[in-house]
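Trainee: Chains A and B are the protein sequences, given in the same order.
One point on numbering: in the working numbering, the residue at position 12 of the first sequence is 25, and numbering is uninterrupted.
One point on numbering: in the working numbering, the residue at position 85 of the second sequence is 211, and numbering is uninterrupted.
None of these hints come from the bench; they were simulated from the model.
Ideal Cβ placement from N, Cα and C applies to all residues, glycine included.
Don't take every hint at face value.
[Said to hold, decoys possible] Chain B stretches covered by chain A per the calculated footprint, using a threshold of three residues with CB under 8 Å from any CB of chain A:
hint: 1; region: 324-331
hint: 2; region: 402-413
hint: 3; region: 452-463
hint: 4; region: 508-522
hint: 5; region: 530-542
hint: 6; region: 547-560
[To be verified] The list that follows gives simulated cross-link-like pairs (lysine-lysine, DSS-like), each with its CA atoms no further than 30 Å apart:
hint: 7; chain 1: B; residue 1: Lys407; chain 2: A; residue 2: Lys433
hint: 8; chain 1: A; residue 1: Lys410; chain 2: B; residue 2: Lys297
hint: 9; chain 1: A; residue 1: Lys17; chain 2: A; residue 2: Lys475
hint: 10; chain 1: A; residue 1: Lys295; chain 2: B; residue 2: Lys574
hint: 11; chain 1: A; residue 1: Lys295; chain 2: B; residue 2: Lys319
hint: 12; chain 1: B; residue 1: Lys407; chain 2: A; residue 2: Lys416
hint: 13; chain 1: A; residue 1: Lys393; chain 2: A; residue 2: Lys433
hint: 14; chain 1: A; residue 1: Lys295; chain 2: B; residue 2: Lys582
hint: 15; chain 1: B; residue 1: Lys210; chain 2: B; residue 2: Lys152
hint: 16; chain 1: A; residue 1: Lys173; chain 2: A; residue 2: Lys410
hint: 17; chain 1: B; residue 1: Lys591; chain 2: B; residue 2: Lys319
hint: 18; chain 1: B; residue 1: Lys210; chain 2: A; residue 2: Lys157
hint: 19; chain 1: B; residue 1: Lys589; chain 2: B; residue 2: Lys208
hint: 20; chain 1: B; residue 1: Lys582; chain 2: B; residue 2: Lys208
hint: 21; chain 1: B; residue 1: Lys286; chain 2: B; residue 2: Lys499
hint: 22; chain 1: A; residue 1: Lys173; chain 2: A; residue 2: Lys475
hint: 23; chain 1: A; residue 1: Lys444; chain 2: B; residue 2: Lys524
hint: 24; chain 1: A; residue 1: Lys295; chain 2: B; residue 2: Lys540
hint: 25; chain 1: A; residue 1: Lys295; chain 2: B; residue 2: Lys524
hint: 26; chain 1: A; residue 1: Lys295; chain 2: B; residue 2: Lys558
hint: 27; chain 1: A; residue 1: Lys426; chain 2: B; residue 2: Lys519
hint: 28; chain 1: A; residue 1: Lys39; chain 2: B; residue 2: Lys540
hint: 29; chain 1: A; residue 1: Lys393; chain 2: B; residue 2: Lys152
hint: 30; chain 1: B; residue 1: Lys558; chain 2: A; residue 2: Lys157
hint: 31; chain 1: A; residue 1: Lys123; chain 2: B; residue 2: Lys570
hint: 32; chain 1: A; residue 1: Lys39; chain 2: B; residue 2: Lys519
hint: 33; chain 1: B; residue 1: Lys589; chain 2: B; residue 2: Lys286
hint: 34; chain 1: B; residue 1: Lys248; chain 2: B; residue 2: Lys210
hint: 35; chain 1: A; residue 1: Lys416; chain 2: B; residue 2: Lys152
hint: 36; chain 1: B; residue 1: Lys248; chain 2: B; residue 2: Lys540
hint: 37; chain 1: B; residue 1: Lys407; chain 2: B; residue 2: Lys319
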Amino acid sequence: MQPKLSLLNDELIERIIEEAYQLMLKPGIKVQNAEARQLLAEAGAQVDEETMIARIPGQIVRKALETVPSQFKLYDYDDNPKVQYGGDAVQFDPGSSGISILIPETLEHKTSETEDLIRIIKVAEILPQYDAQSTAIVCHDVPKELHDLYRLYLVMLFSKKPIVTGAFTNTTVHHMVDMLAIFAGGRDNLREHPRAVFDVCPSPPLIWSNFGSGNLMALARAGVPAEIVSMPLAGAAAPVTLLGAVTQHAAECLSGITIHQLAHAGSPIVWGGAPSTFDMRKGGTPFGSVETAMIDSSYAQVGKSLGLPTHAYLGATESKVLDMQAGLESGMGAMIGALSGINMISGSGMLDSLLCQSPEKLVIDAESIAMAQRMVQGMKIHTETLATGFYEGVNFKGGDFLKQRITMQLFQKEQHMPSKVIDRDSMRGWKESGSMDAFARARIRVTEILASYQRPELDSAKEAELHAYVLNLAKQAGLEHLPMLEDFQPV
Amino acid sequence: MQPKLLLLDDEMIARILDEAYQLLLKPGIKVNNDEARDLLATAGAQVDPETNVVHIPEQIVHRALESTPREFYLYDADGNPKVKYGGDAVHFDPGSSGIAMLNPETLEHETTETPHLLKLIKVAEQLSQYDAQSTAVVCHDVPQTIQDSYRLYLALLYSKKPIVTGAFTNKTVVEMIDMLALLAGGYEAAREKPRAIFDVCPAPPLIWSNFGAGNLIALARAGVPAEIVSVPLSGAAAPVTMLGTVTQHTAECLAGITIHQLAKASSPVVWGGAACIFDMKKGATPMGAVETAMLDCSYAQVAKSLGMPTHTYLGATDSKLVDAQSGLESGISAMIGALSGINMISGSGMLDFLSCHSAEKLVIDAEGISMAKRMLEGVQLRTETLATEFYDKNINFKGGDFLKQRITMNLFRKEQHLPSDVIDRASMRDWKKAGSLDTFERAKVMVKALLASYTKPALDEAKEKALHAFMLDLAKKAGVDQLPILEDLQPA
């Protein structure tokens, strides 16, 4: 049995959904995209073109919910299904909102560039704890117009895993779908076996921007999965109560799903988010706070009650360095997310409230993820009797069980063996290997991983086509050459 | 509603209990204490005098379970009930098996002496996250024969909180009960409003040593709470499977409760432990492993099915330093313990497989505990409507709209736990301005502040004197003429 954390009872879930329906009528949802408003109006919503506020009646939303797939999969480069959206499947990917990277030698948060993203992709590619890649940080060495699609381009060249990505404009979302279609062998294949899911964010409170709703519609029509990342900020851009924030989250997701399904019924979409409490003292958005995790766990329950796939931002920290706070907040967040049965948990690797990525943190976070995944497997029955069969020849001696053959057979099934990043050494052994802390061990592991990484062999024709496609966009953005990439010589 | 983590279904719990009862018969329990064997034999168990193995039939155990109290309280020095054992109440106390302490400047694990324990007591006294003190580290500057009673003596002098303690021999448990009675004003008062609980450990697999069983009997008769700390080690001193380990834990606890209740029915006893998997690669006992936490969560479910109060060892790390590993292991396991509704969770502050304490880690662990306790409060209903009433005419689809609402200022402290300065939520600029300190550095600052703000509680002078005289007498019998000199204490 998969252990589950439930913060809401059925009655409360019903109340949340009921009030979310009320919010969609009053105050309504501000929809800043003309086409989305038109779709809503045609479906029967009352739209005020001046204020852009759409009042969306329950029946339109319910119809949308009926057509949303309750599950779908993401596929890797070789077309194997690797990520299951739906049910209580739990998967992790690195956080993807970074604008800087931790330099382990100086501890500076450096503005991120191409080489930094590649380093993160390589580390996440080799660690099995990451079920998907994310387009983890912005590369500031290419023009802004290319930022979103260039991230996807790099991941497609350096990884075979499924990808959690996102577009920054209504133009680039089409380009990015095109890029994925090049590798998939056409848009039909891409729809059948999507490699990537696109994060799409409403703006709190209760706003679907031109860009957000435009992305929803484009993705729905392309049949490429969309992941709603609703970000109610409890006390600032959402009610101060956790329940109020969860209710606003539900209203933002329900209205997003409605726009999405009106654009193309049956397209896959995820009930996700990156909510946070608001720290009144510091004005910060603590993604590592337990209340943030509680909002996530709660809205996931609401999503599950509607039979929807789920996503959340957890496993990150406010800390600026890889210290005990980073471990505490990231570990607890990852565990709560996993116990909530959330399908895709993004956020690993992130420091400083989702601003800064760190490959070293990715390596340490992978150990928390392994612990969370071990927990999700629950208690397992391996033997006919639970215990009585073990006491044959046991003579009330401490080490009796070490001699049993079954001990050697089963211990690796029962126990997750951590990497060397986790210290389980004796004091003497630890000193002999250099008295290193977890950060120092993580630095070594990152170096080892980077040395062992090999760029996957991809179809060279498709690779060339992808490169030409992105180079063309770069030229339109005024850039003659893309940054040089190691192990990649475009024709 | 208090959120709960469940790893076992009812059927599995029934199977575990069923097999534990079988283990009590075969292979039986080795009981190395004459009086305990006599009690068991008189009650109807079959005793092998040569091997000391006792085969305990189920009905004796059932009777013991019937007379065990479902709940009881520990009291502070002023007689206020502070710690509830029973139900799903969750409390934390510092770990109490330390023989070393982290020196924050040199990072050495120093052999502990009196000043180390005092430092830990002072820090734990002022952190509200710790519901009880523990006799956290051994003081190597006093003779071994008084090391257990001396720890309690210090906790009694420097703290008002309830105390999780333990004796190291069958002689000293009696002396420690005497000390508690001195402060309580007699044995009956110590029984009525117990200040302390005593950890008592069976030896895995399925052994109650002379000392363990003797302590159970002494505590039961004094009516002072006993806490069984069963320590099955999966794959070494217990079956390799987690379910097998939980079953052995059950058998050891059931046997202990039976001995305890046979000595004196209705005395309070706790279903506790420090279960652990065995790391085959390093030959280590990883207290921070998730499997260890899963063992604890599971055995707590077994205990709760019998209505027993619960205890466990979680919130510790195997790291030697206060680093990211320390944070993730301690934080995750504190959260799992809390979600398991375990009454007393011991282990905070501990590094290096429970052997080394750290005042700095105590301060940081307190933040993990706050998070766990906030989780237990669950999602609360604080307003008439969940959300709709927040969207008044002033809400105009602007990001900061809710900051202006009075209700935001009224409720945010109820909704959010505000962490201490040990947790960094500053902007990058402010963090740099404050010195770019990591968590460990911030914790060092906080420990210094706590030590500076601490004042020794005012105790009844006569009782304090009597306690000191009692301790000094024990010391003299142990061959030392004087106890270490304590600040703020001038015994007459």
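Trainee: Compare the structure with each hint and give your call.
Mentor: Each hint tested on the structure:
{"no.": "1", "hint": "324-331", "result": "holds (count 3)"}
{"no.": "2", "hint": "402-413", "result": "holds (count 8)"}
{"no.": "3", "hint": "452-463", "result": "holds (count 9)"}
{"no.": "4", "hint": "508-522", "result": "holds (count 9)"}
{"no.": "5", "hint": "530-542", "result": "holds (count 8)"}
{"no.": "6", "hint": "547-560", "result": "holds (count 9)"}
{"no.": "7", "hint": "Lys407(B) x Lys433(A)", "result": "holds (11 Å)"}
{"no.": "8", "hint": "Lys410(A) x Lys297(B)", "result": "holds (26 Å)"}
{"no.": "9", "hint": "Lys17(A) x Lys475(A)", "result": "violated (43 Å)"}
{"no.": "10", "hint": "Lys295(A) x Lys574(B)", "result": "holds (24 Å)"}
{"no.": "11", "hint": "Lys295(A) x Lys319(B)", "result": "violated (44 Å)"}
{"no.": "12", "hint": "Lys407(B) x Lys416(A)", "result": "holds (15 Å)"}
{"no.": "13", "hint": "Lys393(A) x Lys433(A)", "result": "holds (26 Å)"}
{"no.": "14", "hint": "Lys295(A) x Lys582(B)", "result": "violated (34 Å)"}
{"no.": "15", "hint": "Lys210(B) x Lys152(B)", "result": "violated (35 Å)"}
{"no.": "16", "hint": "Lys173(A) x Lys410(A)", "result": "violated (51 Å)"}
{"no.": "17", "hint": "Lys591(B) x Lys319(B)", "result": "holds (22 Å)"}
{"no.": "18", "hint": "Lys210(B) x Lys157(A)", "result": "violated (59 Å)"}
{"no.": "19", "hint": "Lys589(B) x Lys208(B)", "result": "holds (22 Å)"}
{"no.": "20", "hint": "Lys582(B) x Lys208(B)", "result": "holds (19 Å)"}
{"no.": "21", "hint": "Lys286(B) x Lys499(B)", "result": "holds (22 Å)"}
{"no.": "22", "hint": "Lys173(A) x Lys475(A)", "result": "holds (14 Å)"}
{"no.": "23", "hint": "Lys444(A) x Lys524(B)", "result": "violated (56 Å)"}
{"no.": "24", "hint": "Lys295(A) x Lys540(B)", "result": "holds (17 Å)"}
{"no.": "25", "hint": "Lys295(A) x Lys524(B)", "result": "holds (20 Å)"}
{"no.": "26", "hint": "Lys295(A) x Lys558(B)", "result": "holds (14 Å)"}
{"no.": "27", "hint": "Lys426(A) x Lys519(B)", "result": "violated (59 Å)"}
{"no.": "28", "hint": "Lys39(A) x Lys540(B)", "result": "holds (27 Å)"}
{"no.": "29", "hint": "Lys393(A) x Lys152(B)", "result": "holds (24 Å)"}
{"no.": "30", "hint": "Lys558(B) x Lys157(A)", "result": "holds (29 Å)"}
{"no.": "31", "hint": "Lys123(A) x Lys570(B)", "result": "holds (28 Å)"}
{"no.": "32", "hint": "Lys39(A) x Lys519(B)", "result": "holds (11 Å)"}
{"no.": "33", "hint": "Lys589(B) x Lys286(B)", "result": "holds (14 Å)"}
{"no.": "34", "hint": "Lys248(B) x Lys210(B)", "result": "holds (23 Å)"}
{"no.": "35", "hint": "Lys416(A) x Lys152(B)", "result": "holds (20 Å)"}
{"no.": "36", "hint": "Lys248(B) x Lys540(B)", "result": "holds (28 Å)"}
{"no.": "37", "hint": "Lys407(B) x Lys319(B)", "result": "violated (47 Å)"}
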